[in-house]
Amino acid sequence: MSEKFVRPEDYSPTEAMVIYAARFLKNFDGKRGLIGTGLPLVATQLAKMLYCPNMITFLETGQADANPQELPISIMDSRLTFGSSWQMGDPEGLFPLSRNEIDFGFIGGAQIDKYGNVNSTFVGDDYNKPTKRLAGTAGAVDIGVFAKTTVTLMAHQKRRVVEMVDYLTTPGWMVKKWPEGHLVRREELGMKGGPSTFVSTLGVMKFDDETKEMYVDKVFPGISVADIKANTGFDIDVERATQSDPILLEEVRILREEIDPLNIYRMR
Amino acid sequence: MQAKTNKLVSLNEAIQTIHDGDVLFMGSFIDSRRPMAAAHEIIRQQKKRLILLAQCSLAEDILVGSGCAAAWRGCYTGMATFGLSPATLRKIESGDFFPDEIGHIDIILGAMAAMVGSPFVATRATLGSDVLNEQYSRNEYIKDLAGHPEMIPHQKFVLMEDPFFDEGVIKLQPAMPADVAIIHVQQAGEKGTARISGSLAFDHYFVHGARTVIITAEQVVPEEYLRRDPNRNQIPCTAVDMVVEVPWGAHPSQVQNFYDTDSQFIKDYVTAAKSEEMFSQWIQEWVFKVNSWDEYLGKLGAVRLQKLRSSPPFGYRPRNI
Amino acid sequence: MKKSKIVTLQEAIQEIQDGDSVFFGGIVEDRRPIAAVCEMVRQQKRNLVLLGTCSMSGDILVGGGCLGAYRGCYSSNGAFGISPNLKRWSEEGRLIIDDIGHLDLSLGLLASMAGSPFIATKSCLGTDVLNPEYDNLPKVREIARSKELLPAKKYQLMEDPFYDMGTVQLFPAIKCDVCICHVQQAGEEGTVRIDGSLTFDHFAVHGAKKVIITAEQVVSEEFLRRDPNRNQIPCTSVDMVVEAPWGAHPGQVYNFYDMDIPFLQDYAKHCATEEGFQQWADTWIYSTKNHEGYLDKLGAARLERLRAIPPYGYRPRKQGGMK
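Quick note, the sequences are listed as chains A, B and C, same order. Using numbering that gives the first Met the number 0, read the first sequence as starting at 0 and increasing by one per residue. Using numbering that gives the first Met the number 0, read the second sequence as starting at 0 and increasing by one per residue. Using numbering that gives the first Met the number 0, read the third sequence as starting at 0 and increasing by one per residue.
Keep in mind that the hints were calculated from the coordinates and are not lab data. What you are looking at is a predicted structure, and each value in this text was computed from that prediction instead of being measured. Some clues are possibly wrong.
Said to hold, decoys possible - Heads up, simulated BS3-like pairs for lysine-lysine below, C-alpha to C-alpha not over 27 Å straight-line:
id, chain 1, residue 1, chain 2, residue 2
1, C, 146, C, 209
2, A, 128, C, 2
3, B, 273, B, 47
4, C, 138, A, 131
5, C, 2, C, 209
6, C, 138, A, 128
7, A, 128, C, 146
8, B, 266, B, 306
What the hints assert, rightly or not - Far from chain A, by Cβ distances over 10 Å, these chain B residues were calculated:
id, residue
9, 66
10, 91
11, 99
12, 115
13, 247
14, 256
15, 271
16, 299
17, 304
Where is the CB? At the ideal position from N, CA and C, for every residue including glycine.
Please put together the full structure from these sequences, using the hints given.
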């Protein structure tokens, strides 16, 4: 392996997830992204430095074209105000979504299912006495309904990548039609968009154009399709999987030295 | 629309992006921060069948008189102390221009619904009034006229029972999106961030529901300067397509912190616009015989303009000065 | 409007009644009214209905036994984990939660600001937010004192008659008894200037029956009125003004101070258990008597290290900003 690349044992799974997500954002140079809290902020910062300097960043807390000089710890961090075009509040942060102006939404979550539905509300089977209570809908539901597409980041574990989410917070390709609650394709509810990509700690997953089910598109260096199968809670299609290009020394360096030198996000 | 793009264009270029049959919102209200330079250029470029939103006041009246606009949906056809909008009245009375009345709150809620991407919002506004009289609705006419009929709702309004708070019968007011919004502001950056002083009128709502947004500004200032205090900006760069620097671009209306109303000029206009012939003469003199806003300002003369300058800290010109 | 609205924190909080629905300004750890919340715990409010978001400010109320229900969209202390008391109480089945969306919250407050009973949106279509099984609005209603402020139902679906948008959700206005906002500056008549994100404050104050402002600084009303375009809350919406410097500690206040990270981490650690929270509350709420006592306990040196620096509005990390 040449000097330019880093070996898998020299970076963490979380760093891999963030770096491959940043690479994916290349597709959105000059586009408008609504960035959720947590690791999406880190990947966005990396992407803006390396791959899409003209990405236009919106946050739910009401900044337009945010250009933070330091890595924010969440979407409410003061670091996002200075250098923005406009600083209003949460409503104005969300209205670009409901006006269908956001090209992509970028979120994390606790569970994702084979149709790309994401759960960030609760785990368990009793809403009034959940096994694990989570943060709630926040912007995740709105991003899933209104963004032209969504990108999700999440650790790849069997309990997280599941057949069906316990609570459907962020709508994916097959969603619930109320009042009955049966699954229908999102178009049936007049919803545009839909998830394009799930970047995990093991690989990059996409959704079949016909069945709308998740499949493995890329496998990270040092990871096998068997690893992904073993860490997925349903029988995932790995037929189309290819190997990701290795991670660049420069990507790791910028992530560690320039973006998060204090390891605030505990990526390493 | 990239964050790095410089959006500065000439007034002529900006106005060329307006099409016949467009739904047009002209920023601010009555005689404050009106995009007058832009209105003159629309007349020079002889746009047709425009559908105006919100008001027919100083900036719109010359469009109506010049035959650029065919219909209007809004709440006010006056010029405050200067009387009713003379050309608009004349054209309505002769059956050449079609008003569709809604309430002031309706406009705000319609702009707000467009801003938030909602098809409608519920309100008790205008209940019991002739605004709801189907006989006076011109919704179908406007929809037929519009270059983009999808910008106009299927119906002017719908009545229903409030299912939530026992408010009884309420009106569903549809969103009011525009094809083009033209806003005159005090300062804009090269990427489109805009800072307004004084009343924001409807501008901070309408820009978000418009497909194309043109900002004319008294001053183009460095974007970076405006971004040192994002809380003081009212329009984000992300909502703006074009920026034009037009000093005195709202004359004879006022621009807070820059200049006061040129009352005599408005009075002269109101008198002239009462008859078709004198209106045409006025338009010849102030629009067609001057080829640009610079020439218009030259014709007004520096001395006249200087006498209108605002003084700090008031933002207007105190009467005792 | 010439009357001074300045009161003490104790007086302001005494205006809150058991069963009131309350909305807090700010979000996550930005401009949250922590001083006001600690006083609410001291005054032992009960059965409050928290609207909006729950972070440390709401979480202290849960732990303090002040909260009967929570209706909102986000219950996390941001980088410091899911709001620990809320999480624990919810998992033990001791707290009523009714989830709505973030945009729902914005639209509900917008409708309330505009005096409209509802607004149409496609938000939450296709998700479990609309699941009738998870609709806890009736339970929230049972607890709330001012039942007329709550809608008869959570939402209604209908076909859009205007723009062919298909099925839309009618979302009702969100109204509350009391809104408490912590801000940078307020005048004695109640005019407010906010820096940084306005969060929901500029909407929420208009739909509240009573508005309490706690401010880092009370400044002269006349000073704020020299640039009305820079003010976000009009005096006409405000009932009480309290000067509470460092009133959002350990959260941040743009242009004033940055987050106290160790304090936030310590809170999260303590609140993993009921006993831990009680210990924390004994230290920081009960034994400090009032906000001044809380600040003295923190000490001037600790606070000074959090001061924001111009032109950034926060404390850059290379100058000892948060880690």
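Taking the hints in turn, this is what the structure says about them:
1. Taken as a hint, the residue 146 of chain C and residue 209 of chain C pair is honoured in the structure, with Cα atoms around 16 Å apart against an allowance of 27 Å.
2. Our distance criterion of 27 Å between C-alpha atoms is broken by residue 128 of chain A and residue 2 of chain C, whose separation comes to about 49 Å.
3. For the hint pairing residue 273 of chain B with residue 47 of chain B, the CA-to-CA distance comes to about 22 Å; that is within 27 Å, so the pair holds.
4. Between the alpha carbons of residue 138 of chain C and residue 131 of chain A the distance comes to roughly 21 Å, so the proposed pair stays at or under 27 Å and holds.
5. Between residue 2 of chain C and residue 209 of chain C, the direct Cα distance comes to roughly 16 Å. Compliance with the 27 Å bound is thereby established for this hinted pair.
6. A hinted pair counts as satisfied when its Cα atoms are at most 27 Å apart, and residue 138 of chain C with residue 128 of chain A qualifies at roughly 15 Å.
7. Among the hinted pairs, residue 128 of chain A with residue 146 of chain C is consistent with the structure: their alpha-carbon atoms are about 25 Å apart, no more than 27 Å.
8. Proximity of residue 266 of chain B to residue 306 of chain B is assessed by CA-CA distance (about 17 Å); at most 27 Å being required, the pair is judged to hold.
9. Separation of residue 66 of chain B from chain A is adequate, the least Cβ-Cβ distance of about 33 Å exceeding the 10 Å criterion.
10. Even its closest Cβ contact with chain A, about 33 Å, leaves residue 91 of chain B beyond 10 Å, as expected for a residue assigned away from the interface.
11. The Cβ of residue 99 of chain B lies farther than 10 Å from every Cβ of chain A, with a closest approach of about 24 Å, so its non-interface assignment holds.
12. The claim that residue 115 of chain B is not at the interface with chain A is violated, since a C-beta of that chain comes within 10 Å of its own (minimum 5 Å).
13. With a closest Cβ-Cβ approach of about 26 Å to chain A, residue 247 of chain B is found to remain outside the 10 Å limit, as its non-interface label requires.
14. The claim that residue 256 of chain B lies off the interface holds: its Cβ sits roughly 20 Å from the closest Cβ of chain A, which is beyond the 10 Å cut-off.
15. Every CB of chain A lies more than 10 Å from the CB of residue 271 of chain B, the least distance being 41 Å, so the non-interface label holds.
16. In this structure residue 299 of chain B is separated from chain A by more than 10 Å, as the shortest Cβ-Cβ distance comes to about 34 Å.
17. With 10 Å as the threshold on Cβ separation, the claim that residue 304 of chain B sits away from chain A holds: the shortest Cβ distance comes to roughly 31 Å.
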